[in-house]
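Peer 1: Residue numbers (our numbering), protein chains in the order written: chain A, 1234 to 1534; chain B, 114 to 423.
Errors might be hidden in some of the hints.
[To be verified] Label-pair distances were calculated between CB atoms; the ranges are:
#1 B:L253 to A:D1419: 35 to 43 Å
#2 A:G1267 to B:S323: 38 to 46 Å
#3 A:T1458 to B:F167: 17 to 25 Å
[What the hints assert, rightly or not] Which stretches of chain B does chain A cover? Using the computed rule of at least three CB atoms under 8 Å from a CB of chain A, they are:
#4 254 to 261
#5 337 to 350
#6 370 to 376
Keep in mind that the hints were calculated from the coordinates and are not lab data. A quick note: this is a predicted structure, and the numbers were derived from the prediction, not measured. Don't be surprised by glycine CBs; every beta carbon is placed ideally from N, CA and C.
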Amino acid sequence: MSATAHSPLERRRGRIFAPFVAPAVALYTALFIGPTLYAVYTSLTDWDGINPPRWAGVRNYTQLLHDPAFASAFGNTLKILFGVGAVLFVLSFGFMLMLREMRGRRLIRGVIFLPHIVSSVVLAIFWGSLLSLDGLVNQALGHLGIGAVEWLRPDRAANAVLLALVWINTGYYVTILMAGVDRIPDSYYEAARLDGANAWQRFRHVTLPLSWDVTAAAAVLWTITSVKIFEFILAFSGNQGALPPTYQWNNAMFVYGETVGGITPLNRFGYASASAVTTLVFVAVVVIVLRRLMRREALQF
Amino acid sequence: MTTATTEATGPTGTDGPTGADGRRAPAGATRRRRAAAVLGRLPGTAAVWLFTGFCLFAFLYMLISSLKSSRDVLEHPWSPPTELHFENWSTAWNDGGFGPAFLNSALLVVAASAVTVVVAGPAAYVLGRRPGRISNGLSLYFVLGLGIPVQVMVLPLYALMNRLGLIDSLFGLFVLYVVTSLPFTVFLLTSFFASLPAELEEAAALDGVSAAMTFWRIMLPLARGGLVTATLLNAMAIWNETLLALMFIQTDDRFTLPLALLNYFQQQQFTGADFGALFAGVSIAILPMIGLYAWLGRRLTEGLTMGAGK
Chain A
1234 MSATAHSPLE
1244 RRRGRIFAPF
1254 VAPAVALYTA
1264 LFIGPTLYAV
1274 YTSLTDWDGI
1284 NPPRWAGVRN
1294 YTQLLHDPAF
1304 ASAFGNTLKI
1314 LFGVGAVLFV
1324 LSFGFMLMLR
1334 EMRGRRLIRG
1344 VIFLPHIVSS
1354 VVLAIFWGSL
1364 LSLDGLVNQA
1374 LGHLGIGAVE
1384 WLRPDRAANA
1394 VLLALVWINT
1404 GYYVTILMAG
1414 VDRIPDSYYE
1424 AARLDGANAW
1434 QRFRHVTLPL
1444 SWDVTAAAAV
1454 LWTITSVKIF
1464 EFILAFSGNQ
1474 GALPPTYQWN
1484 NAMFVYGETV
1494 GGITPLNRFG
1504 YASASAVTTL
1514 VFVAVVVIVL
1524 RRLMRREALQ
1534 F
Chain B
114 MTTATTEATG
124 PTGTDGPTGA
134 DGRRAPAGAT
144 RRRRAAAVLG
154 RLPGTAAVWL
164 FTGFCLFAFL
174 YMLISSLKSS
184 RDVLEHPWSP
194 PTELHFENWS
204 TAWNDGGFGP
214 AFLNSALLVV
224 AASAVTVVVA
234 GPAAYVLGRR
244 PGRISNGLSL
254 YFVLGLGIPV
264 QVMVLPLYAL
274 MNRLGLIDSL
284 FGLFVLYVVT
294 SLPFTVFLLT
304 SFFASLPAEL
314 EEAAALDGVS
324 AAMTFWRIML
334 PLARGGLVTA
344 TLLNAMAIWN
354 ETLLALMFIQ
364 TDDRFTLPLA
374 LLNYFQQQQF
384 TGADFGALFA
394 GVSIAILPMI
404 GLYAWLGRRL
414 TEGLTMGAGK
């Protein structure tokens, strides 16, 4: 090892190291990490985005605690993360198990991935034409002699969004889980079968332990992506340049709604930053807890 | 059930494909168990097909509606078009603003995904092939970015771009797309470069080829698969990106496709206008992605799942 450390290769690589990483590190630091740190700072100020920020201590955070709009947004963020997440993972795991031994699995995998490759705005438009008062569902019900249902009534619209999020994301997570499960050698299943293991036992003792890492990674991925969900809610629930009603907001929408969004922007940059930082801390905590909970000894295969 | 039983206990085994009785009994039992398994899986199979059918229906519905009259879209959403309204597409392209938006999106996708790879590639190369404390630290530094939601940094970025006069500018949006694509691209390409064999690099060094040249002439061609995957994933993400475009672009003629769609869709609710043209606009936004997916889909799903598989 010590011989290679002084090889011509190592020396040459050493010379290009700085010029090769510098542009990426500089851009990323200046326009990604820098603004993130600045957001943490401005969350402690009364910044309006234009004038210099004035120190306000933790006032924004205490105000968030008493803001019903933020409580509702945070509640919706939790519903998406844990509620949609639970349904999503049960469904994806089930589909993945079914698909392992199904005819037409290549076709199915190709089709269910489609929602992931198009803009959420498109999916929101479809979801709207599905559930609107004279939409696809109600017209089909009409043919069956059932009267139109108000799917988008305020008390139902939130669930319509949650359901859509399950639909949009299932194909992607099935694909991720399958990529993990496909790496399990068939011989393991053969061996289990020869030992007389039934389908449940094969799942419990082969599939589950060997796909645990992928499942854990997928759970972390969902945690991070679920808090970013924004376009679908805006396109589905907002109209005419107005914001969606606050009961439809999640944290990402809150940041937009409290600053530049809507017909009359509020420009509460400091306050919105406090909500964004709260989201960031929350995500970090959930990711750490998930990793702790799902950690076990790595199985090599 | 009955056939399986008679087969398993049948006294004569002369015309069966498997000769001896002793070997037929387990075969019958297996078949019975398999039949039970198939029956047990029936609800699951049905659910999977139902879900698949729904996804397929959604896309067919949007594409087919783009050829229907606005009235037919509204009043007969389930019926196929009575006559083909190709003019929806020209209406969307010209009057709906989807033409300029298509060009803006295409320009941004090409420029930003190319520049991202140009910036991230060299960095990923040295990070992936020169393990050490500094390079591991820097890799971690980039991974950190994967976990930071864009809404955290977007407000300071807005103020910064405002000061630089880059609000409502496609160039400003291009810069933001490069920056936000960097963490994932560096992450993906680092693991890709790390997986390449070391022999060629060592041979090149012994032959006196400079390190920069080794990267350019030897390692980059080897990493082509990873570069294509990264470019493709970034292109798709940028094509569909909405939040940054929404916050940083204001004028109609600089709209990207998601903005044009959002705008047209929300205008429609106001004016009650042309649903055929709306779905033509939707089709203009989704067909390039479907085409790309049909062409390079395998590479795409591999790349998307690569990060999670690690």
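Peer 1: Could you work out which earlier hints the structure fails to respect and list their numbers in ascending sequence?
Peer 2: 2, 5
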